[in-house]
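K.L.:
One letter stands for each residue in the lines below.
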Amino acid sequence: MSHAKLTEEFLKNEPKTDWHNETLWWVRSKRDVSSKGIPEWEELRSLASQIKDNVLSNIGNYLQEFEKNALANGVHVHWAEDGKEHNRIVQSIIEKHNAQRIVKSKSILTEECHLNQHLESNGFDVVDTDLGERIVQFAKQPPSHIVLPAIHMKREEVSELFHEHIQTEKGNSDPQYLTEAARNHLREKFLKADIAITGVNFGIAETGGFVVCTNEGNADMGVHLAPVHIACMGIEKLIPKFEHLGVFTRLLARSATGQAITNYTSHFHQPRPDQEMHIILVDNGRTKQLAREKFRNSLKCIRCGACMNTCPIYRRSGGYSYDATVPGPIGSILSPGFDLKKHKSLPFASTLCGSCSDVCPVKINIHEQLYEWRQVIAENGLDDMPKRFSMNIARKVLSSPKVYFTLGKIARKSLSILPKSLINNPLNAWGKQRDLPNPPKESFKEWYKKNRS
Amino acid sequence: MSSKENILKRISDLDLQPARLPEIPQFEGFDNLIDTITKTLEGSHVKVTSVKGNLIDSIKQEISEYEYVVSAVKGIDSTMNEEDLKSKDSLNKVEAMIINGKVGVAENGAIWVPESNMSQRILPFITLHLFVVIQKESIVSNMHEAYSKISEIPGFGLFVAGPSKTADIEQSLVVGAHGPKRMTVFIV
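Line by line, the protein sequences give chains F and R. Going left to right, the first sequence walks through residues 0 to 452 as numbering that gives the first Met the number 0 numbers them. Going left to right, the second sequence walks through residues 0 to 187 as numbering that gives the first Met the number 0 numbers them.
No wet-lab data here; the hints were simulated from the structure. There may be inaccurate statements among the hints.
As the list claims (entries may be wrong) - Only pairs whose alpha carbons sit at most 27 Å apart, straight line, appear in this in silico DSSO-like list of lysine-lysine:
#1 F:191 x R:148
#2 R:92 x R:59
#3 F:188 x R:180
#4 F:386 x F:362
#5 R:101 x F:240
#6 F:35 x R:46
#7 R:38 x F:29
#8 R:8 x F:293
#9 F:240 x R:3
#10 R:8 x F:83
#11 R:8 x F:67
#12 F:240 x R:92
#13 F:35 x R:38
#14 R:85 x F:287
#15 R:85 x F:188
Please model the entire structure based on the sequences and the hints provided.
P.N.:
Encoded structure:
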């Protein structure tokens with residue numbers, strides 16, 4: 000279904016839509032305050048962007064350097080071509096350890112690979128431990144935002160879910176109370192877990208280590224208690240050197256939530272003596288995107304979500320309207336690379352205002368890539384018929400001054416006498432919230448001739 | 000071919016021209032590091048104690064209410080022994096964990112703790128209340144300086160910047176998500 004169609008669903012509840020819009024704008028404003036506290040903010044963005052340029056241009060060597068160093072640190076390294084292989088590798092590690100209980104911290108990559116569904120259908124119990132992710136897991140939904148997974152939900156809905164799943168008091172929707180209940184519920188899961196799965200924020204080629212950032216401490220609670228740690232990492236998450244973490248840790252949390260840094264920035268290099276540590280390096284379409292020159296630098300993304308918080312479309316259409324693992328502006332330039340046909344409406348879910356590019360901490364030219372994808376979609380004949388039809392007419396009209404002038408005259412006359420059904424009809428999406436304009440008596444050209452010539 | 004070979008081949012077939020790796024310049028720091036880190040930490044729900052007299056006495060005073068104490072700081076005794084801490088259920092009882100921080104960052108309040116200072120990796124996370132001691136001289140302005148001070152990379156190392164928190168329900172902040180509900184920093 001198209002983005003516009005799915006958005007209709009979200010817009011049905013107007014107060015909630017307004018709340019969603021305003022709350023994300025508030026997060027965006029916190030990002031502004033936080034970034035302005037750093038005089039060299041723009042320089043940091045440029046540095047981050049250049050470091051990622053270097054990574055993408057040399058990624059094969061960095062991957063091999065990373066693997067060599069990780070192996071030397073006593074970490075097992077696996078390579079997966081796609082989501083399916085990634086899931087098979089995870090499953091084989093679980094089976095090797097005869098494990099049943101799995102805790103998982105936030106990882107957009109595992110969402111992308113549909114790991115939970117894979118493991119659950121094979122009889123394993125996977126518990127998402129980030130509070131927002133646990134909420135959407137209870138609701139059997141995917142996250143609607145990559146940093147704020149349950150931002151589409153009101154506290155009363157969370158209260159209902161918790162009452163049903165972890166027996167909290169009916170009707171008690173106090174966030175403090177609900178969070179405490181989730182803490183106790185998940186503490187049990189942490190203590191009993193056989194395997195802990197995490198994502199990776201940054202993989203360091205120079206040292207073979209990786210960094211995981213959380214505010215809740217859920218990744219660490221899982222990893223340090225479980226006998227096995229599996230870290231799932233998209234190949235683009237690499238950075239060349241340890242010192243580069245200085246640039247990215249200053250940018251990430253500020254861009255995401257306006258915090259100066261996440262509470263926990265955990266650096267993993269070796270397993271505990273009584274632990275096994277695995278890293279899975281996943282391609283799943285990334286080398287294909289790398290080959291697309293115009294879209295290559297979408298792979299610089301560090302998954303902060305700032306482009307979603309600022310986007311006037313995302314804020315008013317919600318994460319689910321994108322029907323993609325990564326929603327919002329960045330998702331709209333990544334997803335068509337995975338499946339052009341399925342995601343053909345996403346590059347059009349934008350006003351091309353450019354706010355996404357302005358806030359991106361690694362300076363991805365998101366709005367320009369949205370525009371580029373539109374060309375690709377039209378070239379592949381995937382743009383929708385009414386739009387193609389009207390654009391063809393517009394091209395003819397606008398390329399001939401004579402036709403334009405004559406049609407203008409006709410339009411000014413006919414607008415006042417035509418029935419409203421001409422615009423307010425089911426065939427015309429624009430007419431849904433719009434009426435015919437009041438036509439002016441004359442065109443600008445006519446007015447100019449009378450008054451200025 | 001293996002997946003690794005396939006992935007690497009797809010990359011090498013692109014024959015990309017290496018882009019230059021930029022140098023990271025030195026950025027201007029703060030004049031008053033201690034005031035800055037204190038304000039930053041307090042803004043992140045951390046209690047900051049500037050130790051004028053005896054550190055051990057200050058810590059003892061702060062942890063007096065707790066029965067289950069684990070200390071990685073000399074001069075403070077743990078009430079739980081190593082044998083106790085082998086079981087997850089005992090770990091779950093820990094109320095106070097006292098550790099030494101190695102580097103403090105004024106700009107964001109993050110404190111670097113290598114695993115050798117933690118006794119066990121899980122302890123700074125599973126404890127109810129985390130206490131971190133940091134020396135004035137080891138406070139730096141920003142993350143670049145902090146990373147340059149980490150000469151030995153440990154098997155596990157942590158920048159901790161506050162008690163565990165979440166705002167996943169309607170963006171309303173709750174301190175004490177999975178980890179510590181409280182954090183205290185002693186600046187010595």
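K.L.:
Need the status of pair residue 240 of chain F, residue 92 of chain R: alpha-carbon distance at most 27 Å?
P.N.:
39 Å, violated
K.L.:
Please work out if residue 8 of chain R and residue 83 of chain F have their alpha carbons no farther apart than 27 Å.
P.N.:
Between residue 8 of chain R and residue 83 of chain F the Cα gap is close to 20 Å, so the pair holds against 27 Å.
K.L.:
Are the Cα atoms of residue 35 of chain F and residue 46 of chain R separated by 27 Å or less?
P.N.:
26 Å, holds
K.L.:
Holds or violated: are the alpha carbons of residue 35 of chain F and residue 38 of chain R at most 27 Å from each other?
P.N.:
17 Å, holds
K.L.:
Is residue 8 of chain R within 27 Å of residue 293 of chain F, Cα to Cα?
P.N.:
21 Å, holds
K.L.:
Are residue 85 of chain R and residue 287 of chain F close enough, with their CA atoms no more than 27 Å apart?
P.N.:
Outside the cut-off at roughly 48 Å; violated.
K.L.:
Is the straight-line distance between the alpha-carbon of residue 8 of chain R and that of residue 67 of chain F 27 Å or less?
P.N.:
18 Å, holds
K.L.:
Would the hint linking residue 240 of chain F and residue 3 of chain R be met if the CA-CA limit is 27 Å?
P.N.:
This hinted pair holds, its Cα atoms lying about 22 Å apart.
K.L.:
With a cut-off of 27 Å on the C-alpha distance, tell me whether residue 38 of chain R and residue 29 of chain F pass.
P.N.:
The given pair, whose Cα atoms are some 18 Å apart, holds under the 27 Å limit.
K.L.:
Is the hinted pair residue 386 of chain F and residue 362 of chain F satisfied, with a Cα-Cα distance of at most 27 Å?
P.N.:
31 Å, violated
K.L.:
Does residue 188 of chain F lie within 27 Å of residue 85 of chain R when you go C-alpha to C-alpha?
P.N.:
Status holds; Cα separation ~18 Å.
K.L.:
Would you mind confirming whether the straight-line C-alpha gap from residue 188 of chain F to residue 180 of chain R stays at or under 27 Å?
P.N.:
Holds, at roughly 19 Å.
In summary, the structure is inconsistent with hints 1, 4, 12 and 14 from the numbered list given earlier, while agreeing with the others.
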